[in-house]
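Using the hints, position chain L against chain S.
So the protein lines, in turn, are chains S and L.
Using this note's numbering, read the first sequence as starting at 369 and increasing by one per residue.
Using this note's numbering, read the second sequence as starting at 369 and increasing by one per residue.
Keep in mind that the hints were calculated from the coordinates and are not lab data.
A few of these clues could be false.
Note that identical chains are pooled: a pair holds if it fits in a single copy or bridges any two copies.
Computed list of lysine to any residue pairs in SDA-like fashion (alpha-carbon distance at most 25 Å, straight line) [as the list claims (entries may be wrong)]:
| hint | residue 1 | residue 2 |
| --- | --- | --- |
| 1 | 534 | 701 |
| 2 | 674 | 745 |
| 3 | 534 | 699 |
| 4 | 539 | 674 |
Protein chains: 2
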Amino acid sequence: MSRVLILGGDGYLGWSTAMSLAAKGHEVSVVDSYLRRKIAKQTDSEALMVNPDLQERANIFRSITNISIEVFIGDLCDMELMQRVFTASTPDSIIHYAEQPSAPYSMRDYASARLTLDNNLTTTFNLIWAVIEHNPDCHIIKLGTMGEYGTPNIDIEEGWIEINHKGRSDKFLFPRAAGSLYHTTKVLDTDLLWFYVRTYGLRVTDLMQGPVYGITTRESSMDDRLLPNFHYDDIFGTVINRFLVQAISDVPLTVYGKGGQTRGYLNLIDTLQCLELAVANRVNAGELRILNQVAETFTVNELAAKIKNVGDRMGHRVQINHLPNPRKEMEDHYYNPVHTGLIDLGLSPTYLSDDIIAAMLEKINIYRNRIDPDKIMPRVNWN
Amino acid sequence: MSRVLILGGDGYLGWSTAMSLAAKGHEVSVVDSYLRRKIAKQTDSEALMVNPDLQERANIFRSITNISIEVFIGDLCDMELMQRVFTASTPDSIIHYAEQPSAPYSMRDYASARLTLDNNLTTTFNLIWAVIEHNPDCHIIKLGTMGEYGTPNIDIEEGWIEINHKGRSDKFLFPRAAGSLYHTTKVLDTDLLWFYVRTYGLRVTDLMQGPVYGITTRESSMDDRLLPNFHYDDIFGTVINRFLVQAISDVPLTVYGKGGQTRGYLNLIDTLQCLELAVANRVNAGELRILNQVAETFTVNELAAKIKNVGDRMGHRVQINHLPNPRKEMEDHYYNPVHTGLIDLGLSPTYLSDDIIAAMLEKINIYRNRIDPDKIMPRVNWN
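If we strip away everything but chain S, and leave its shape as in the complex, we get (with noise of 0.2 Å):
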C-alpha cells in the first residue's frame, strides 16, 4: 500500500476516489479549494443531495471505518500551497482531478473561460513543478477526457498513433480537436504534461475518460451523507445522471439536437477501479500512459430509450425532448474508441444495464423533492 494525494479530492470523482483508496488501504491525503462548489451556487447548479464539507465527510467516514482521510482546503494555483502539501503528504501517487470540469461554464462568457483556462493550467503546472523539485519519480494519475480528442472519422488509439507519411514513419500523440474550452484545456494538459515527461523523465498515467454516471459506491452506501456530489443541472451534470433526474421529476429528456451523438460511458465504480490500477501499476520514468477510460460506447438517443424503458416499468412517464443543440458538436458521425489498455490492467468493466438504471432511479427518488426543475434546460449555448 502506497501513500496517495488527491487534488480536487471533493469532486464527484474526487471523493469516491479518496474512500475507495483508503478502504482498500492506502494513505490518503485529499486537497480542495471548493472551486466547483462556488461556481455551483454561482450559477444556481447545487447538486442533490446535501453534501458535508470534505472535513466534515472525513470525520464521518472516520467515525464509521475507523480510516483516516487527510484534508487540506485551500487554492493549488498557489504554487506555497502546492509546496506545502506536497511536502506534508509525501505522496508515491497524486490523482490530479483538481480543475473546473464543466464545458459550458467554460463556454458562458470571457470571465468564465479565463477562470477555465487559469486554474486548469496553473494546477497541472504547479503540480508539474512540485514533482520535479520534491520527487520526479512521484506518480501523476491525470484525468484527462475522451472529449479532447473529439470525434474524428478514423479509430481512436489510446493516446498514441504510428503516422506513415511519404515513406516514413514515427509515433505521435493521437490528435485531440475538443468541442469546448474545458476539453480543451485538458488537450494543452496533456501538451504540457509530455513535454515535461520528455525532458525531466517524469512518470504521468493520463486517463482519458468518458461521461461518468452512477451514485452509490461501496463506501458511499454506508452513510447518505458520504455520497458524492450528485449534479442534474446543465453545469455540472453529465447527461446519464442528468436524464435519470428528469425521469423522475416528468421532465422529458433533454437530448441535444438529433441525438446522434455517440460517446463512451464508465460507471462510477468502473472509475475507482481504474485508479486503483493506476495506483498499483506505476509507469517507467520518461513514460507518458494513455489510457482510454471507457466501457461502452452509446449515442444519446440510445441513452435516452434506455431511461425511458426502465423510468416507464416503474411508473413514470418518461417523455424525450429533442432541443435546438446549445452545443458546437457532430450529431451523427464515426466513433470507435480503441478501450483495452485498462481491461488488459484487470479492469473488469460494468454495463448499464437495466437493473443499474433501476436502482439509480430508486435512489434519486429518495431525494426527489430537492429536483429543482429551472436547473434543468441549457442556460449557455455556443452553436
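Frame of chain S, contents of chain L only:
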C-alpha cells in the same frame, strides 16, 4: 491599405514589421509592455545596440519619413488594456508577437517558466476574446514557430496532415512536440486558436517561423537608432546572430553538442515580406491557415562553417567550439519541412550568401566595443 495593430511592437520582429508596414502605407499601431527589456536587464542579456524606447523610435521614424506609428505601452495580460487598444486602433489585422520568446529563459526555473506560460497564453487568450467581442472578422496573424513541430522522422507539412488509419482517413493538425517550454506555449496557443477558429469562425494565419537572422532593413538603414534590438546572448540571441558577434569578438562559435541539429532559417527582411503577404491575403471565416516561414535549412555545423569562412576572409580568426549541449534535442536527425505556401503567395526568398554574412559582420564590427563576452556562454541547462 489597412489598419494593422502589432502586439509586441518593441521586439526584434515587431519594430521592424511596424516600420515596414507603415512605409508600405498601412496605418500601424503598436503595443508593448517592455517585458523583453525587463528580462534582458534581469538576466544580463542586453542587446548589442542601444534601442530608444518605442515612443522615441516612433518619433525618430516620423521625423525622417513623416509617417506616424501609434504607440501604446502596457501589459496585454490585462484585458482592459487589450480592449482599450483594440477599440482605439480598430484593426483590420492584428499581428501577434507579444510573447516571451526565449527558450532558455523558459527553462531556467519555476518562476521563469510560469511567467512564460502565463504571459504567452493570457495574451493570446485576451486577443482571441477581444476579436470575438469587438470584430470577429479581424484577421489574426499569429507568429508560431517551426519549433512547435520538433524534429519528427517524417516530412513536416504546413500545419496540417491527412492521416490514413485502419482504412479510414481524416485531416488533423500536424503533430507537435517542442523542445522547450517557450516552444510548447506556442503549441498551446495553436490549440487555443484552432478551438476558437472552428467554434466561432475566427480568421487566423499562423506563421511557423524558423530562427531569424539579420540586422538592417530598408527602414532601419535610415538611422541606427531605428535598428531592431539585436541580441547575441544565450538567452535571446538566435544562432546566426550569436555566431556573427562571436566571430567579430574572437570568441569561438558556440556550437551546442555535435552540431547536426537542422533548422529552417529566414532573413529578417523575408519576415517583413511574409507579414506583408499575410496582411494582404486574408483568410476565410473559420479558417486557420498555417504557413511554414523558412527560406532554407542548415545544420548548426554548416552555419558555423559559413560564418568562419567569411569571417576568416575578412581577417578575423574564427574558431569553432563544440560545447556540451545545454538543450535537450537530437543532434543528428531527419528534417524536411515543406515551405511552399508563402512562395505561392509571392515570397521571393533571400538566401544566406557570403555577401549577406559579410555585410552583417561589417555592421556588427562598428559596435564591437559594446560586445560583452560574459553574455555569450550558455547559462541555462536542461539536458
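The hints, checked one at a time:
1. 534 / 701: For residue 534 and residue 701, the Cα distance is within 25 Å only across copies (17 Å; inside one copy 28 Å).
2. 674 / 745: Only inside one copy: residue 674 and residue 745 sit 21 Å apart there, 67 Å across copies, limit 25 Å.
3. 534 / 699: between (34 Å within a copy, 23 Å between copies)
4. 539 / 674: neither (40 Å within a copy, 35 Å between copies)
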